[in-house]
Amino acid sequence: MSQRADIKDRIARALVAHAARMAASDHTDWIAAMAHELEHLPKSESALSWALGSVLVSYTGRMRVMIRSSADWPRWLLLLEMLLCLGPVTAYFLFVSVSIAQGYTLFPAQGYTQVQEGLIFGSATLIGPIGLVSAFRTLFSRTYGPGRLSTALLWVLAAWTLTVFVALLVHFRLELVAWCGMLLPFALLPASAVAHLTWFGSTRRRAVVSA
Amino acid sequence: MERNRRPSRHTLSLLAELAQRPRRWHYGYELSRITELKSGTLYPILMRLCERGMLESKWQPTAEEGRPPRHTYRLTAAGVVFARDALAGRPAAHGRTALGGSYT
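Protein sequence lines correspond, in order, to chains A and B.
Quick note on numbering: the numbering used here labels position 113 of the first sequence as 329, and the sequence is numbered without any gaps.
Quick note on numbering: the numbering used here labels position 35 of the second sequence as 42, and the sequence is numbered without any gaps.
Take these hints with a grain of salt, some might be off.
Calculated pairs, DSSO-like style, for lysine-lysine (alpha carbon to alpha carbon, straight line, at most 27 Å) [as the list claims (entries may be wrong)]:
id, chain 1, residue 1, chain 2, residue 2
1, A, Lys259, A, Lys224
2, A, Lys259, B, Lys45
3, B, Lys45, B, Lys65
4, A, Lys259, B, Lys65
5, B, Lys45, A, Lys224
Just some of the chain A residues that point at chain B, by a computed CB distance under 7 Å [as the list claims (entries may be wrong)]:
id, residue
6, Thr244
7, Trp246
8, Glu253
9, Glu255
10, Leu257
11, Gly269
12, Leu272
13, Val273
14, Phe323
15, Gly338
Don't read these hints as lab results, they were simulated from the structure.
Every residue, glycine too, gets a C-beta built ideally from N, C-alpha and C.
With these hints in hand, go ahead and build the complete structure from the sequences.
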């Protein structure tokens, strides 16, 4: 076996071992099945691709268990999660709104008009208030969950938020710290809240369907 | 009202392969090679089929020295009926859904 193939083989084994460690308890047998199958792959086959598949299966299973268990979380904890995820972007939305209303521009050196800034940053942070309203309705109602249309709208807004903030970071050539400081609270956390709301919505729709 | 979604094309290609020789035990790699599904796509489908009683699995020791046992799969009786219905494009006659919309 060539040195390169040997390294790939080792990486594949390490990945499968990692997948086994990360697997949810009801998936361990399946990850073991994938790990054992790796030992039977012909040499010409890509063990690496097989091993990456096992990591994907393991992570997906683990995430599913985590999300499923969140249905049993107390409401205050879910509320705290939503506030943490959507609070910063909502605060930024309010800041943009107040600034524009008072006649300030956010980036005077860039030469944008107030309307341009309002449109860009207002829409990019709109996920905050809309997401919070949806979250409050979901958490304080026994039956409501965002429908397919609302979910799609939330995802479009989350994607737009991410696009605007990435464009901003690239445009201003900001450093890694700024990337973390902006992307996490203003784009990634809202997206994770939307993911959780999507799950709630689909669970409640299923409950209504089967009732 | 029950939702009856048609299984995805990945699921259908797997069912087609399993239904060809329903009494034979199949290996994961063999199924992956024939259906051209990556392991990360194939195994979640196998897992859901097993969960819903369409597939049975067992560990099978190998004759090759120093090699670990392999997980093998075959359709159950309900799975054979389901596979035939799904491949013929008929809605499933089973419990909840035609293996759900979550199939990828």
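How the hints compare with the structure:
The straight-line distance between the Cα atoms of Lys259(A) and Lys224(A) is roughly 11 Å, inside the 27 Å bound, and the hint therefore holds. As the CA atoms of Lys259(A) and Lys45(B) are separated by approximately 17 Å, the hinted pair is consistent with the 27 Å bound. Our distance criterion of 27 Å between C-alpha atoms is met by Lys45(B) and Lys65(B), whose separation comes to about 21 Å. This hinted pair checks out: Lys259(A) and Lys65(B) have alpha carbons roughly 25 Å apart, not beyond 27 Å.
Between Lys45(B) and Lys224(A) the alpha-carbon distance is near 18 Å, which keeps this suggested pair within the 27 Å criterion. Hint status for Thr244(A) relative to chain B: violated, with the closest Cβ pair at about 12 Å, above 7 Å. A hinted interface residue such as Trp246(A) counts as satisfied when its beta carbon comes closer than 7 Å to some beta carbon of chain B; here the least separation is about 6 Å, so the hint holds. Hint on Glu253(A) holds. Least Cβ distance to chain B is approximately 5 Å, under the 7 Å limit.
Checking Glu255(A) against chain B by beta carbon gives a least distance of about 6 Å; that is within 7 Å, so the hint holds. At about 6 Å, the closest approach between the beta carbon of Leu257(A) and any beta carbon in chain B falls short of 7 Å, and the interface hint on this residue holds. The beta carbon of Gly269(A) is positioned within 7 Å of a beta carbon in chain B (closest approach about 3 Å), and the interface hint is therefore held. Contact between Leu272(A) and chain B, as hinted, is supported at the beta carbon level, the nearest pair being about 4 Å apart and thus within 7 Å.
The beta carbon of Val273(A) comes within 5 Å of a beta carbon in chain B, closer than 7 Å, and the hint placing it at the interface holds. With 7 Å as the threshold, the beta carbon of Phe323(A) stays out of range of chain B, its nearest partner Cβ sitting at about 42 Å, so the hint is violated. Violation of the interface hint for Gly338(A) is found here, the shortest Cβ-Cβ separation to chain B being roughly 35 Å, above the 7 Å cut-off.
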